[in-house]
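Build out the structure end to end from the sequences listed, making use of the hints.
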Amino acid sequence: MIKRISFLAACVLCFVALSPSQAQERPAAAPAAPPDLTLDAPARAQLIEAVIREMKDYYVFPEAAQQVEKILRERMKEYEKLTSAKELAKTLTTDLREVTHDKHVSVNYSAEPRPVQQEQAEPTERERQGIRNYGDAINYGFEKIERLPGNIGYIRLNLFFPPEYGGETAVAAMKVVNSTEALIIDLRGNDGGHPGMIQLVASYFFGAEPVQLSGIFHRRTNSTQQYWTLPYVPGAKYLKKEVYILTSRRTFSGGEAFAYDLKNLKRATLVGETTEGAANPRDVRRLSDHFWMGIPNARAVSPITNTNWEGVGVKPDVE
Numbered sequence: 001m002i003k004r005i006s007f008l009a010a011c012v013l014c015f016v017a018l019s020p021s022q023a024q025e026r027p028a029a030a031p032a033a034p035p036d037l038t039l040d041a042p043a044r045a046q047l048i049e050a051v052i053r054e055m056k057d058y059y060v061f062p063e064a065a066q067q068v069e070k071i072l073r074e075r076m077k078e079y080e081k082l083t084s085a086k087e088l089a090k091t092l093t094t095d096l097r098e099v100t101h102d103k104h105v106s107v108n109y110s111a112e113p114r115p116v117q118q119e120q121a122e123p124t125e126r127e128r129q130g131i132r133n134y135g136d137a138i139n140y141g142f143e144k145i146e147r148l149p150g151n152i153g154y155i156r157l158n159l160f161f162p163p164e165y166g167g168e169t170a171v172a173a174m175k176v177v178n179s180t181e182a183l184i185i186d187l188r189g190n191d192g193g194h195p196g197m198i199q200l201v202a203s204y205f206f207g208a209e210p211v212q213l214s215g216i217f218h219r220r221t222n223s224t225q226q227y228w229t230l231p232y233v234p235g236a237k238y239l240k241k242e243v244y245i246l247t248s249r250r251t252f253s254g255g256e257a258f259a260y261d262l263k264n265l266k267r268a269t270l271v272g273e274t275t276e277g278a279a280n281p282r283d284v285r286r287l288s289d290h291f292w293m294g295i296p297n298a299r300a301v302s303p304i305t306n307t308n309w310e311g312v313g314v315k316p317d318v319e
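What the sequence shown shows, in this note's numbering, is residues 1 to 319, in sequence order.
Any given hint could be a false lead.
Simulated crosslink set (DSS-like; lysine-lysine; CA at most 25 Å straight-line) [said to hold, decoys possible]:
id : residue 1 : residue 2
1  : K77       : K144
2  : K86       : K56
3  : K90       : K144
4  : K103      : K86
5  : K315      : K241
6  : K90       : K175
7  : K90       : K103
8  : K86       : K70
Hints listed in this document are in silico derivations from the structure and should not be mistaken for laboratory results.
In structure tokens form, the structure reads like this:
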């Protein structure tokens, strides 16, 4: 889609050029490395069999899961050389991604024992408080909300927090920028998040008539969950004004979904770089006391394109 570059778009491009630091993560102190675990042959074999089982049972593309099984079994001799839990997890992740080309799939080592997994378990109050504490510490993903010269709104949004926790912050952010002439949403450092928050924020840019944003196909239920804009949101909607979304190679998962949806619905102009290319939502599966797996059990489907951005990323309108 080719769009005429307006004066405002030129301002956005200047803003990107003058603010390269905003496309990077803040430097953070490296966490202490967790202690490693030495694996014997039975433990190693048990882990690999668990990975194969989970992929066959849960991975959104069954044919790819069968290919994963074939490759992992062919490489059993190579894995025998790996006694480090960390190295085996890293190697398995690399091999899984080589076969699936899926950036959401991973095998992970945990120094602390993983709790036994309960299907559909609700978070405990302690867990909920931990989520709230984390949300408070990062302002529920809304790192910066301000008015730029020329009455242009700017929101730097690094994470789509679940709306039951971060909804009030999202509403407050939209109230701050509501009277601006145009809006920039900076997703260059966005790591993804919850589809409910994507739905809430996107709803501010569409009228009372619901518009389908996306769908998520779930393998286990063989059904597609649709996400539509909300006819009502707290505060005024942001209608008939230009919206610009800044993207980078780091824009990931839910950040890509937000950009992809608004681009395809012709409600925003994307400026920046092609995004990372991770479209398949994942679940977390316990493999053993010290290993867990991120496994995509669903895939995003656009009602406009009938596909998604997996492996190719979301291409901006203006690079």
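Comparing the hints with the structure gives:
1. Note on K77 and K144: the hinted pairing is violated, with a Cα-Cα distance of about 51 Å set against a maximum of 25 Å.
2. About 23 Å separates the Cα atoms of K86 and K56, which keeps this hinted pair within 25 Å; it holds.
3. Using a Cα cut-off of 25 Å, the hinted pair K90 and K144 is violated, with the two alpha carbons roughly 35 Å apart.
4. Note on K103 and K86: the hinted pairing holds, with a Cα-Cα distance of about 19 Å set against a maximum of 25 Å.
5. Between K315 and K241 the alpha-carbon distance is near 22 Å, which keeps this suggested pair within the 25 Å criterion.
6. For the given pair, K90 sits about 44 Å from K175 by alpha-carbon distance, which is inconsistent with the 25 Å threshold.
7. Distance hint between K90 and K103 is fulfilled; the C-alpha atoms sit about 13 Å from each other, no more than 25 Å.
8. The straight-line distance between the Cα atoms of K86 and K70 is roughly 23 Å, inside the 25 Å bound, and the hint therefore holds.
Figure legend: structure checked against the earlier numbered hints; hints not met, in rising order: 1, 3 and 6.
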